[in-house]
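J.: Residues per chain, in single letters:
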Amino acid sequence: MIAYIIRRLLYTIPIIFGVLLVTFILFNVVSGDVSDQIAGKAASAETIKEIRAEYGWDKPLFLSWDSQFINHLKNCLTFQFGRSWSDRELIITKIAQGALPSLSLTVPMFIGEVAISISLALIVAFFRGTIIDIMSVFICVVLMSVPFLSFILFGQYFLAFKWGLFPVYFWPDLPLPQYVALPVLIGIIAGLGGNLRFYRTVMLDELRNDYVRTAFAKGLSSRSVLFRHVLKNAMIPIITQVILAIPFLFLGSLLLERFFGIPGLGYLMIDAIGARDFQVINAMTFIGAILFVVFNLITDICYSIVDPRVSFE
Amino acid sequence: MNKAKEKNNVPKIKGRSYWADSLRQLRKHKLAMYSLGIIVVYILVVMFIYLANWTKIDVPFLDWNQQVGKEYERPNKQNILGTDFLGRSVLRKTIYGARVSLTVAFWASIISMSIGVPLGAAAGYFRGFIDDIVVWLYTTLSSIPYILLILAFALVLRGKTLSLHWLGLGTISLSGISTVYLAIGLTSWVGICRLIRGEVMKHKERDYILAAQSYGCGSSRIIFRHLIPNVFHLIIISFSLQFVGFIQAEVILSFLGLGEKNSPSWGAMIDAARLDLPKGYWWEMTAATAAIFIISLALNIFGDALRDSLDPKLKVQ
Chain Z
1 MIAYIIRRLL YTIPIIFGVL LVTFILFNVV SGDVSDQIAG KAASAETIKE
51 IRAEYGWDKP LFLSWDSQFI NHLKNCLTFQ FGRSWSDREL IITKIAQGAL
101 PSLSLTVPMF IGEVAISISL ALIVAFFRGT IIDIMSVFIC VVLMSVPFLS
151 FILFGQYFLA FKWGLFPVYF WPDLPLPQYV ALPVLIGIIA GLGGNLRFYR
201 TVMLDELRND YVRTAFAKGL SSRSVLFRHV LKNAMIPIIT QVILAIPFLF
251 LGSLLLERFF GIPGLGYLMI DAIGARDFQV INAMTFIGAI LFVVFNLITD
301 ICYSIVDPRV SFE
Chain G
314 MNKAKEKNNV PKIKGRSYWA DSLRQLRKHK LAMYSLGIIV VYILVVMFIY
364 LANWTKIDVP FLDWNQQVGK EYERPNKQNI LGTDFLGRSV LRKTIYGARV
414 SLTVAFWASI ISMSIGVPLG AAAGYFRGFI DDIVVWLYTT LSSIPYILLI
464 LAFALVLRGK TLSLHWLGLG TISLSGISTV YLAIGLTSWV GICRLIRGEV
514 MKHKERDYIL AAQSYGCGSS RIIFRHLIPN VFHLIIISFS LQFVGFIQAE
564 VILSFLGLGE KNSPSWGAMI DAARLDLPKG YWWEMTAATA AIFIISLALN
614 IFGDALRDSL DPKLKVQ
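Protein chains in written order, with the working numbering: chain Z, 1 to 313; chain G, 314 to 630.
Among the hints, erroneous ones may be present.
[Unchecked claim] Result set (BS3-like, lysine-lysine): computed pairs, CA atoms no more than 27 angstroms apart in a straight line:
| id | chain 1 | residue 1 | chain 2 | residue 2 |
| --- | --- | --- | --- | --- |
| 1 | Z | 162 | G | 383 |
| 2 | G | 473 | Z | 49 |
| 3 | G | 574 | G | 473 |
| 4 | Z | 59 | G | 473 |
Simulated from the structure, these hints should not be mistaken for lab results.
From a predicted model like this one, the values you see are computed outputs, not experimental measurements.
Using the sequences provided together with the hints, build the complete structure.
T.: Set out below in structure tokens:
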């Protein structure tokens, strides 16, 4: 078991190296030297030189002990992403500040989403083949076809602006539940179609198994088969899906945060896109990837504990 | 003697090929056929726009930049969908916006297929070192959150020139639309690659591959003439299901200002309407939403029907 965990840990090293390579190629090789952009139009040659020295663009790309690539590896692995171009603040503190507002939006959204779509999926699976099932699948497809932006814009316009049920915009004095309520609601509705369909497929796949037939054959009612047998077994794919979605919660919801003015990581990212601040995007990409790799590891280890078929060879 | 006669009496059942059978099943699906009709209409519109641009024929209806009325006119008889802040027809902009969306989705699909399918097939067929490299590559890409990856690509590729001298094509300067489809295409081949790799690994063990190998076929012939045609249904299914995702991704990129700037797109229309909506100018936003909604719905329904009819696993049940 410990050998398995160690091997699995070693396996993450090439992945993290790959992520660093991708971000390096994107932000140092392809985007190249953008010091003149940071300095602005009226900058002197000296300022540009200073900026180049700060970001290390005057060094060779690869083949040197002090090359840009080695520095990129060092900086990312020690989480020292430097300062943002626009306000000269440390990027890592900006990210640390943004994490909490992001999580306060995404965590309730995620929990609500999973709870609602799994319970609806069970109900739909219960009525499989009937008109209720067909209609709900159709509604899912309809929900999946509406662009996410339209959900946000129309939701904000009607529910908050016109009917005044929710605050329109983030206001630091308001209690937390009040201003995240509407974005959470919109996020849940926008994601419901895809999620419900996914969980319905999981449930129906499970219903095809032999043990379900056995349970029906021995005279169990539909309800007890679904809730006592199917739900338990369907938990494995569901938990995998859920754990792997957790790292994305930290990144916040780009568009929701922008529209509701929540000062989280999504907002930070939109700002960075506007300012073409590659360092911020680089930091976010790296942190997102690290979180994903870590949670993937956790899933695999949980899996190996739960499922005896996973071998430790 | 008797037996032989009986044999002759058995009516001859004409076999249907896999593709003919799938097509027959698909045709019976009425909703899917209507959806296909809608998709064809969108494609024809886009082709007509390209044709008109190419031949320089002046079609008044396609002149989206023309002022047709006052600013912010409500939908009326003259301008069915109203006008925008410069008095331009929203209807014309919506129709013209189909060009950006469908072009991006089309090229992004082509790029992601042409990276994902050969890589997946090679990894599944050769295994060993090549497999390790391909798996490493796609695991790396899939550990980066998708939206961040697309944004990073779109941001970095913007305004760059791509030298294709080694292909004998000259240079391509990336701007607007080509940045978007490159960013989407280069980041979304992972799914199809993984799918094809798994399927090829299964097919590789089958007898027909052994037969081809013992005839002395080369690896590339086996992959392209034998393996890929046998997993082609997967390519079609994922092509049709990915297409919706690409249209929606283009909308978000355009909305964030990373898309096409010089001609209308649905994402840019939504971005423009963002500030108009609180003032009560709802028509531009509604028109763009409806345009995206109709093509997405049609593609979703058609893609599902296509999967049901093409997937042999679903056929048996």
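J.: Hint by hint, note whether the structure agrees.
T.: Comparing the hints with the structure gives:
1. Z:162 <-> G:383: At roughly 26 angstroms apart (the allowed maximum being 27 angstroms), residue 383 (chain G) and residue 162 (chain Z) satisfy the hint.
2. G:473 <-> Z:49: holds (23 angstroms)
3. G:574 <-> G:473: Measuring from Cα to Cα gives roughly 16 angstroms; hence the hint holds.
4. Z:59 <-> G:473: holds (22 angstroms)
In this structure, every one of the numbered hints holds.
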